[in-house]
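Student: Generate the whole structure from the sequences, applying the supplied hints.
Protein chains in written order, with our numbering: chain A, 0 to 758; chain B, 0 to 758.
Note that these hints are calculated values from the structure, not bench results.
Every value quoted in this text rests on a predicted model; they were computed, and no experiment measured them.
Each statement offered as a hint is correct.
The calculated lysine-lysine pairs, modelled on DSS-like cross-linking and capped at a C-alpha distance of 27 Å, are:
#1 B:288 <-> A:24
#2 A:628 <-> A:757
#3 A:30 <-> B:24
There are 2 protein chains.
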Amino acid sequence: MSTSATPKKYKVIGTRPIRHDGVDKVTGRAKYGADVKLPGMLQGAILRSPHAHAKILSIDTSKAAALPGVRALVTSADLPDQESRTVELGEGAAYMPHLSANILARGKVHYKGHAIAGVAADSIHIAQQAIKLIEVRYEQLPVVLDVCQAMRSDASVLNDDVFTESIGATADQQKHLVPSNVAKHFLFEKGDIAAGFALADVVIEREFDTTMVHQGYIEPHNATAFWNADGKLSVWMSTQGSFSVQLQMSELLRIPVSTVKIVPMEIGGGFGGKISVYLPPVAALLSKKCGLPVQIIMTRDAVFEATGPTPGSHIRVKVGVTKDGKLTAGEAWIAFEAGAFPGSPIAPGCMCIFACYDFPNARVEGFDVCVNKPRTNAYRAPGSTQVAFAIESVVDELCRTIGMDAAEFRLHNAAKEGTRRVDGPVFARIGMTETVEAIRTSQHYLSTKSGKYQGRGIASGFWFNVGMKSSVTATVNADGTVALVEGCPDIGGTRTSIAMQLAETLGIRAEDVSPSVVDTGSVGYSDVTGGSRITFATGIAAVEAARDIQRQLVERAALIWDVDPSQVRYEDGAIVGPSSNRMTFGELAGKIHHTGGPVIGSGTSSAATQAGAFGTHCADVEVDADTGKVTLLRYTVAQDVGTAIHPGYVEGQLQGGAVQGIGWALNEEYWYNEQGTMKNATFLDYRIPTCYDLPMIETILIEVPDPQHPYGVRGVGEVPICPPPAAIANAIYDAIGVRMNSLPMTPQNVLRNILAGKQ
Amino acid sequence: MSTSATPKKYKVIGTRPIRHDGVDKVTGRAKYGADVKLPGMLQGAILRSPHAHAKILSIDTSKAAALPGVRALVTSADLPDQESRTVELGEGAAYMPHLSANILARGKVHYKGHAIAGVAADSIHIAQQAIKLIEVRYEQLPVVLDVCQAMRSDASVLNDDVFTESIGATADQQKHLVPSNVAKHFLFEKGDIAAGFALADVVIEREFDTTMVHQGYIEPHNATAFWNADGKLSVWMSTQGSFSVQLQMSELLRIPVSTVKIVPMEIGGGFGGKISVYLPPVAALLSKKCGLPVQIIMTRDAVFEATGPTPGSHIRVKVGVTKDGKLTAGEAWIAFEAGAFPGSPIAPGCMCIFACYDFPNARVEGFDVCVNKPRTNAYRAPGSTQVAFAIESVVDELCRTIGMDAAEFRLHNAAKEGTRRVDGPVFARIGMTETVEAIRTSQHYLSTKSGKYQGRGIASGFWFNVGMKSSVTATVNADGTVALVEGCPDIGGTRTSIAMQLAETLGIRAEDVSPSVVDTGSVGYSDVTGGSRITFATGIAAVEAARDIQRQLVERAALIWDVDPSQVRYEDGAIVGPSSNRMTFGELAGKIHHTGGPVIGSGTSSAATQAGAFGTHCADVEVDADTGKVTLLRYTVAQDVGTAIHPGYVEGQLQGGAVQGIGWALNEEYWYNEQGTMKNATFLDYRIPTCYDLPMIETILIEVPDPQHPYGVRGVGEVPICPPPAAIANAIYDAIGVRMNSLPMTPQNVLRNILAGKQ
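Tutor: Next up, the structure:
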């Protein structure tokens, strides 16, 4: 299922060793946040708002506090006041008053499930009972759920400290004087769109809607905090970024960052949703009050209602082409639900919508809009899937209108090295063209479609991939193995993909490297596991550490052979000197204790950036014309994966990403009633795809090395979620001639469109 | 209570910050081996020999295995066979067949308490019950308990693979052909002792006996092992050297060293006794058999009977002096109990006995002798206390004979820089003279003795102190603090003493460094915590790591100021450049994420050696002439402590060491019956001193910096145990005219000598 554009030139890279954490995972030994047990540990529970929008008039905790077994109670009054300031968290900036108010509601609740108070008690049952004894008086406020309604000047405003900030736009400066649900207004322009549309033979303009969806990680959020008598705070938890949590805790609790130690446990899925903190500050404050460790594990409904899903959106796209299939202009208007507080991924949404193509003229306008839903957060290629659904549907319609093959059209217009994006940057070496070509020539695309109500669609997608900061240290064992210490939590198998790069550089086996992810006190600063950055950036740090080890081993060998180090070189897993002197890594490792002692290599990555990644997907569907149910018959993912360090994991990322996109396309949605209550906050009702719903996801790995990484690594984790909704929508059109313009494409939604078409 | 020979020139060194682990210790939060709890963990128990010397004819475990709740059973048949080979463990060499046979007896038992089998069961009660169901048939052998009797050719021989190895001696080569209890025979010579004794006006020759004593650590040995399905073995335990355990486990179980991870927990005392392994291989084999974690915690009687106490000894010393107090020659014959297998500290005993003095002519002969007692091991200045008791008693008697003040005499003859020891090496800068001078001019020594049966004695002692290997990494936090990672378990406060050296070098506060001791997979190779080496050697590594950080920060500052790094220097906690540019460490730390990312410093120490340390103690006692009870009235320790990094801890080491020496002098002993059963294997019967038995131990810190360390650190932990037995014996003589020549000087032993003197 995988093909490689480059011949194999590595010994370890490109192989498929068993993951280092594999046995612990399959035997159930791996330790997750909920496995943490500390002496005297209490259990905590959170009181959450029953209303989507209300003022808090009073909170009376006296009855709860009097319940035997209750040890501590906290509300937002226990959180330090936050000045109006924005803090850089590595993965983005956070406006502290909002970050804090999302931990424990301050004066008002912004969404159903908004945390109001925390209780620590001798048992979870007592804690839950105590929660019910807390008396809160509310004054309900009008609920705003729809992103377009929230933008109206007469809409109920969620935050009186939010004023529209215009970025690139100048026309609406006067709006800034009154609070608004519109937190940000972006405008990106390239060329002259009026002239561009004038050159077009065909112009199509369509509107699209997507609903809020959740990352759907299996493991709920958890935190076990112990605030020691010396002021040192330790937190064991599931997180994508222990150093980010450390900084958030420091800022939220106004304590020095070095007094906070975060111990990242194994993580049962994150996908962007385990970067912001929810429980740790509450657990910490409870622990501080009672002097005992406090553990809080989120309930499933709270995970849905009160963490950080990805926004629903309203998108308008207008694209012009010549009749021979050349794009002339594109225009987009995008509104994303920020949720309760500003912060949707509207900026990347704006940057991604036209990124797959070389648009000579383009204009993108985007809005970050507060609504009475949980504050959205990152979800795998944040913002890109929504806009890919829109642009790729329009491109498909354009192809049909001018009668051009959809793959052919994309090859004509694909972004390539040197193409300038609408937001400014110029692409380095990228593989958009290669992914389309791979699909165009795939067995899947070349196969004959058959059967009534069956159809095929393709769609492309883009994600940036980021660099950011990583640290590793690596120490040489006397038996020729290396212990590798990393600071970034391992979500998708990065212990192995980093170990493999270290092994490749040293010329040893992947199995000879023992990787571990340690706490914030035991390794250098490392940014979050996100942005498809770890195999790239931590990989660079590991290669640097390996070179550091090489350098030291060359010196040791020179000492042993009594020659100048300049006469010695590290080559192919061995140290080679004059007079046919040669020692393998393992042989010299056995001698280090007698030639100067321990050898420690360290490496960091900081300045490196990635070139971005592209994927093109092909979907075959069958539509039940009577029920609207869409069955996926075949699905192929082609992606520019740079150099596939561990092809098995890369395939897994492509498959997992595609499946999340398929769920988003066909099933998943936040189903709110008019009062703003999510009616499907369980995994029975919030339906993510299972293996029964899916064909085998076929993958084509196209290796276009990123020159900015020593082995050509390119992030692979995020882009595969982007194309599925459009690919499936295009296939549905191909099957039954119905153009779906909203997600999810559930049976009832598809059937409604079928019936509307028959009228 | 402390004086310093050097003016203060440091900001952090010499201050007394609160220890970083202090709060956890005083609040009971610190996690020891017995606090480890793993899911599904079983409890283990050990079957131990009731006989001191016997052949094992058969072991029948069938009844034990049939007991419900028993999950696994192991005997020595489960331990891999060991070839006849010696393995270097960093802290010394181990002969593998003996190391293995001491874990689980192989064919015969060598001492009462020798481990024979291990059981893992659902509870400790089931495990203990199962132990009783194991049926062992023995053939008892003659028991050898006395070191001199064990050397006789007609003695029952413990090990048929032990032949006398002569080191420096040639006369007894023929003995090597038959197995012997004498494992080693050392001979060190300097000058011409016959000529030396011919020059003497007075020659005194005396014989001394000491009994086996235990380190008396409060926390018993423990081990929790989990042998994972992927072949990776993890052990959580109390140990002085996690990397040494890793190596011992690798060699004992014949598995690659990198498959073993040792997690050092907090340690409740070691004093040398927690270097060799006892329980971990048994726990590991049990875990391998049943696939579950197994925890074994040693009982107190097993700690006494079956770990590694320090040997009893028989010593003959002959010393000659001129009548004006000049040493002319010394001769010593020393036999140490090795215990069941060879390995007593006879070599350091031989090297230490004459080390305090400049003997022009000397000869030392030493014997390592197997007896049916537990295999001895290191105990604080191993071998030096026994010999100090002998030599310092004889020196005292010589002083009285020629009528010279004991301090004066020592000043005349003290070893100093350039003095060659009997075993060859020449002293670097040492402080023996300074310690005697400090006592001679102390308030204590100058005070008037008063009262009948009251007396005063002084004695000196020496210990080498070692260097060996240490690794640290240190990472800079954005808030101007540093996380420091170490590999050596912290027994005596070294997290703080190392952090202080890092802080001093960086010009920050000790509180701004967060030290932690991590597992063997997360830091570079680090030798055992022992030999008074950590503050010295790990200190060097920390200073190197700090300089590594300085170098990187200079580069960062140069980047910010846009100048060449050669124009920038690190000075007094700040980075200073041209044009009055200056940033404190904290200011620059806040900028590192924007100037290249994380800053990680690493440092190792390997080649450095120490100059050795000396102490002179002064003891005032009162002897109850009717009961023989000795009461300590006043006690002063003067020691050359190099540079006292944290004077409070140094004082604590001097006090703790002296108290252990006092216990050895007055109370502690292994009390065996004729069958080789220890009759006092509890802390009620094995009497270590409590605060009710002791005066405040006064300390005089004499700072003679060791030039081999950047801050002049000298190991301080071991030497204070050496002088007390002799100082107290000399004081007893001063009080009642009775010369004690055996330890311990319990009431009955003192009374016996008093009565013998009256006959």
